[in-house]
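S.K.: Listed here are the chains, written in short residue letters.
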Amino acid sequence: MRLPYNLPDFFGALLSIAIGIVVSLEAFRLHAYSPSQYVGDHTLPATLGLLLITLGTGLLFHSFRDKKEERKTDAESGFRPKSVLPCLLVLLLYALVIDIVGYVLATFLASIALFRVIGSYKWSRSIAMAIVLTGCLYAVFVVWLKIAFPTGFFF
Amino acid sequence: MDTLHLLLSGFAEALTLENVLMAALGALVGTFVGVLPGLGPTSAIAILLPVTAVLEPTQGIIMLAGIYYGAMYGGSTTAILLNIPGELSSVPTCLDGYPLAKQGKGGPALGISAIGSFVAGIMGVIGLVFFAPVLADQALKFGPPEYLALMVLALTLMVSLSGGSFLKAFIMGAFGYALSLVGLGPSTGVPRFDYGSAKLVGGLDMISIIIGLFAITEVLKGIEEKRVTTVIGNPGSVYPSKADLQKSVKPMVRGGLVGFFLGLLPGCSAAITSFLAYDLEKKVSKHPERFGHGAMEGVAAPEAANNATSSAGFIPLFSLGIPSSPPLAILLAGLMIYGLTPGPVLFEQNTTFVWAVIASMFVGNAMLLVLNLPMVWLWVKLTRVPYGIMAPIILIFCTIGAYSVRNSMFDVFVAFLFGGLGYLFSTYKWPVVPLVLCFILGPLLEESLIQTAAMSAEGLAIVLQRPISSVILVAAAALLIISLVLNRRTQKRVQEERERGIDVS
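In the order they appear, the protein sequences are chains A and B. The first sequence begins at 1 in our numbering and counts up by one. The second sequence begins at 156 in our numbering and counts up by one.
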């Protein structure tokens, strides 16, 4: 079998069809609660499910068409996960530990990690900048704007 | 007279000392974030939007207006001084703005750009003053079929927001609508797409999605591109000379008119009008050969058109609830935080507040001229802060922003998830604006769809039988054709400029 020329679009199309199926299944489930056959909370999900499957199928066929321009742009804009994954990982950990250790400590630790990961600064400089950043944010958002952040075990 | 009276009362509300300070702060912060390389006006507004959410409504909206104009102006600054257009609409500004900056005339070019913005902003307010009473009269005639027709009209925007592939734009739009369905169903109250999770019953928060798709994505792209600090040379005095002003008056008016009248059409983006204004100016000029080599008219016309379109965009935004550009889509989300739902009944239901908003747009714009412009040197200095410091600050800021809207860690996770998704979308050229637009309009579409279908035994055919809704549908068809033609032209021009070396992301 011939491989699609535009692999990202091919996977995007498959994902669109999969989402369309999920949305359609939900529409089917909601149909049972609706007092009317055609009008209710299931109407838009059913329409969207069908639309996503149709458009996804269209893109699926489209991804097999050879377009030199598209290939050129895709080669230029390749996915380089190595550079952004560490940053996303830090953010995910940050969101996970906020509830446990509290906003202040979590922000301080996340800032150190982000200064290290993004700016490649030395530990001492990262810690110093993290102290300044956490302190400023605390003054603005907690003291001045009085936003209630998770306190966790420590603060 | 009533309208004028309402506008004046709006000014009275907007011009208290606290509110003026908020406008000033918004304009300053908006410009700073807008000036950061790689962060266009849309991302700048997305990053700063949650900050306004913690203020009381009038102050929040006024600060938002300052941020909007500041961020738009920040985008023009990078286009003129760095040859980096934050958005497509700033590409024509680069063509002559950057050569002017290289000749040491970056300051006057920025001055002309700010004056053009101010003039265009006034045109927008005047337009609103004339249109508002007409719209308020029509508001009561709008029922579910008319709203449904409006939602169809909004779909014509997909053409201008598609970024090249209509199929991908429509898939993203459908995905946006699907995301808006998460939560309680409007007619039965049954939870949808919750899969047993109590967090999902409350639905997905619009601000978290916007922060993820625009702000976090931009930072991730910056990390990938290994952005470093940017060194901008001294732009010189920002006050244009008398000769520069004389040269720019006519192009400014022409550009403003092109931008304003085309900007009234939903689906006609600022990118279209700024290119049209630039090309028009080149055509009417006695020395077209100067264009591309530092002609002040080449900055004045597209900047006036760009800003006039942005200002005129407030008219379809307020009257029909349809944002015609990405920054306006984010602004719409900002207005909705305060319970304002732009659309035909806006002027009926929120008279005082809406006029305060309109007046605050004017104040935000004026702030730019009197306060922001003389401080260009400060922006130039601030952009020297290394990206390795700016990026973590922005990311932590995004976290706080996503959290502060509903005090929910779930929203923070949603923001990070959409940040990652936005990075993938951007890498593989899937346009995110249709997703955001459809997510915002989703609840209104569903409500009008259900109510329209329930109104008549003939189902949705009622939309074609009522005069206002059928006129809107005919207008939607006409706009679709116009948008297709104009967008094809704009894409051709962008391609030409890309081949000439302009960095259009």
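Keep in mind that the hints are not guaranteed to be accurate.
[Unchecked claim] List of simulated lysine to any residue pairs, SDA-like, C-alpha gap at most 25 Å:
1) Lys-146(A) / Leu-579(B)
2) Lys-584(B) / Ile-19(A)
3) Lys-146(A) / Leu-400(B)
4) Lys-584(B) / Asn-6(A)
5) Lys-146(A) / Lys-584(B)
6) Lys-146(A) / Arg-561(B)
7) Lys-257(B) / Pro-443(B)
8) Lys-82(A) / Phe-568(B)
9) Lys-257(B) / Phe-568(B)
10) Lys-82(A) / Ile-277(B)
11) Lys-146(A) / Val-209(B)
12) Lys-257(B) / Glu-173(B)
13) Lys-402(B) / Thr-343(B)
14) Lys-438(B) / Val-175(B)
15) Lys-376(B) / Ser-83(A)
These are computed hints drawn from the structure, not numbers from a lab.
S.K.: Next step is simple, just say for each hint if it's right about the structure.
M.R.: Right, here's what the structure says about each hint:
| no. | hint | result |
| --- | --- | --- |
| 1 | Lys-146(A) / Leu-579(B) | violated (35 Å) |
| 2 | Lys-584(B) / Ile-19(A) | holds (19 Å) |
| 3 | Lys-146(A) / Leu-400(B) | violated (47 Å) |
| 4 | Lys-584(B) / Asn-6(A) | holds (12 Å) |
| 5 | Lys-146(A) / Lys-584(B) | violated (40 Å) |
| 6 | Lys-146(A) / Arg-561(B) | holds (14 Å) |
| 7 | Lys-257(B) / Pro-443(B) | holds (20 Å) |
| 8 | Lys-82(A) / Phe-568(B) | holds (21 Å) |
| 9 | Lys-257(B) / Phe-568(B) | violated (44 Å) |
| 10 | Lys-82(A) / Ile-277(B) | violated (48 Å) |
| 11 | Lys-146(A) / Val-209(B) | holds (9 Å) |
| 12 | Lys-257(B) / Glu-173(B) | violated (40 Å) |
| 13 | Lys-402(B) / Thr-343(B) | violated (63 Å) |
| 14 | Lys-438(B) / Val-175(B) | violated (42 Å) |
| 15 | Lys-376(B) / Ser-83(A) | holds (9 Å) |
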